[in-house]
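Model the full structure from these sequences, guided by the hints.
From first to last, the protein sequence lines are chains A and B. Add 24 to a position in the first sequence, counting from 1, and you land on the number used in my numbering. Add 24 to a position in the second sequence, counting from 1, and you land on the number used in my numbering.
Just so you know, the hints here were simulated from the structure itself, not pulled from any lab data. Do not take every clue at face value.
As the list claims (entries may be wrong) - Only pairs whose alpha carbons sit at most 25 Å apart, straight line, appear in this in silico DMTMM-like list of lysine to aspartate or glutamate:
#1 LYS146(B) to GLU45(B)
#2 LYS164(B) to ASP102(A)
#3 LYS154(A) to GLU148(B)
#4 LYS153(A) to GLU156(B)
#5 LYS92(B) to GLU176(A)
#6 LYS146(B) to GLU143(A)
#7 LYS52(A) to GLU148(B)
#8 LYS157(A) to ASP102(B)
#9 LYS116(A) to GLU176(B)
#10 LYS89(B) to GLU214(A)
#11 LYS89(B) to GLU176(A)
#12 LYS146(B) to GLU138(A)
#13 LYS157(A) to GLU214(B)
#14 LYS101(A) to GLU54(A)
#15 LYS52(B) to GLU148(A)
#16 LYS157(A) to GLU148(B)
#17 LYS146(A) to GLU156(B)
#18 LYS89(A) to GLU176(B)
#19 LYS164(B) to GLU69(A)
#20 LYS164(B) to GLU34(A)
#21 LYS157(B) to GLU214(A)
#22 LYS157(B) to GLU148(A)
#23 LYS175(A) to ASP88(B)
#24 LYS153(B) to GLU148(A)
#25 LYS164(B) to ASP88(A)
#26 LYS153(A) to GLU135(B)
Said to hold, decoys possible - Far from chain B, by Cβ distances over 12 Å, these chain A residues were calculated:
#27 THR28
#28 THR31
#29 ASN68
The beta carbon of each residue, even a glycine, is placed where N, CA and C say it ideally should be.
Number of protein chains: 2
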Amino acid sequence: MSITNSTLQEIFSATSFSIAESNLITSKFELKKLKKGDTLLHANEIVYNQYYVSSGCLRTYYIDKLGKEHTLQFAIKDWWISDYTAFFSTTKAVMTIECIHDAIVYKISRETMENLYSEIPKLETFFRKKMEKGFSAFQKRILATLSQTAKERYVSFVHSYPNIEQSVKNYHIASYLGITTESLSRIRKEISK
Amino acid sequence: MSITNSTLQEIFSATSFSIAESNLITSKFELKKLKKGDTLLHANEIVYNQYYVSSGCLRTYYIDKLGKEHTLQFAIKDWWISDYTAFFSTTKAVMTIECIHDAIVYKISRETMENLYSEIPKLETFFRKKMEKGFSAFQKRILATLSQTAKERYVSFVHSYPNIEQSVKNYHIASYLGITTESLSRIRKEISK
DNA sequence: ATTGTTTATTACCATACATCAATTTTCTTG
DNA sequence: CAAGAAAATTGATGTATGGTAATAAACAAT
Chain A
25 MSITNSTLQE IFSATSFSIA ESNLITSKFE LKKLKKGDTL LHANEIVYNQ
75 YYVSSGCLRT YYIDKLGKEH TLQFAIKDWW ISDYTAFFST TKAVMTIECI
125 HDAIVYKISR ETMENLYSEI PKLETFFRKK MEKGFSAFQK RILATLSQTA
175 KERYVSFVHS YPNIEQSVKN YHIASYLGIT TESLSRIRKE ISK
Chain B
25 MSITNSTLQE IFSATSFSIA ESNLITSKFE LKKLKKGDTL LHANEIVYNQ
75 YYVSSGCLRT YYIDKLGKEH TLQFAIKDWW ISDYTAFFST TKAVMTIECI
125 HDAIVYKISR ETMENLYSEI PKLETFFRKK MEKGFSAFQK RILATLSQTA
175 KERYVSFVHS YPNIEQSVKN YHIASYLGIT TESLSRIRKE ISK
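Structure representation (structure tokens):
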């Protein structure tokens, strides 16, 4: 229950806090260790928390009515993860979060976040900017799905996220790109020629 | 140059400001009237501004290397519009914003926004929450593209945005859904049976 | 190392959606 | 309301990606 000051530095690198602020913030985060295969968040559960990923790898995925998995997001060091649609409104998760590689994450609730925001405005600024980045990333992804072929999207994924590409299964990547693992396999073969 | 207090109310409905705050904010917005067919933002232009839509209808679209248009977003009354990826980093627009129906918008620059945020924290809260909603909406759209057929996405679009559906061309909707206008036509035929 | 299990590949056929070209319908504007 | 322009529809055919099933390769565990 609670994290260290150096962890605080890790999470909010560019931001500087007073001692009082630091103490307040560190007291609110909770460390969690995850093993490969663990489920951090189950679909249908009410989402109270978001998580900062300090190490390891996780993914958020959605299971559709046919039972197929669709990966919305991967998260490695220095990424935040949750089912954000549910998190922002404290409603039930549509997605599941799974640990792909043993991980260390720091957990914080939305209620706590909102309270911290009013006490420490620069924390709100920090997260507003995070959100702007995330919004941007999603926008780019939508444009990519609209305008590119599966092959182009794969190439650009490998290029943009070399660290992730190495540490996840091909079928995870396929479900992120919106294609089957067989199609991805064919694409990889073509590229390797 | 500058808007009225009642317009301020319109934009920030749920939020209340002191007189000084109101005056400060209203002085920063600039009214702009647009005619159908006008371009509010050109691709390749540096993006300094975002716009609140008071009336009318606009859309943001991307032209790919083959010359095809892909609609990222529509905006009607009470929506905000810009090329946000470019706006957040004050870089060149990738997209174009076109007026689809005569519109009235209020313009404000990012620099002004950032200054207002530090003076009026609740304004930052307002936009953080807007951003959370937008992030959520994009997330849902990505999940929909990953897991649904074109027909399902069309039905859900019509259901979610009845006001937009009425006021835009079918080929706009097609380019938003990521299909051709011919395919959309076939889908509509099937549904009408 | 051997065996079992998970993941990736390959082949063959199916399907959703795209493309192209023509036609019809709807909207504009004098 | 007539004539032209823009948008939507339809038909015929093409293509990217999906589905199924079998096989091969990679990984894990004893």
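(request) Against the structure, test the hints numbered earlier, and report the numbers of the ones violated in rising order. (result) Hint check: 13, 20, 21 fail, others pass.
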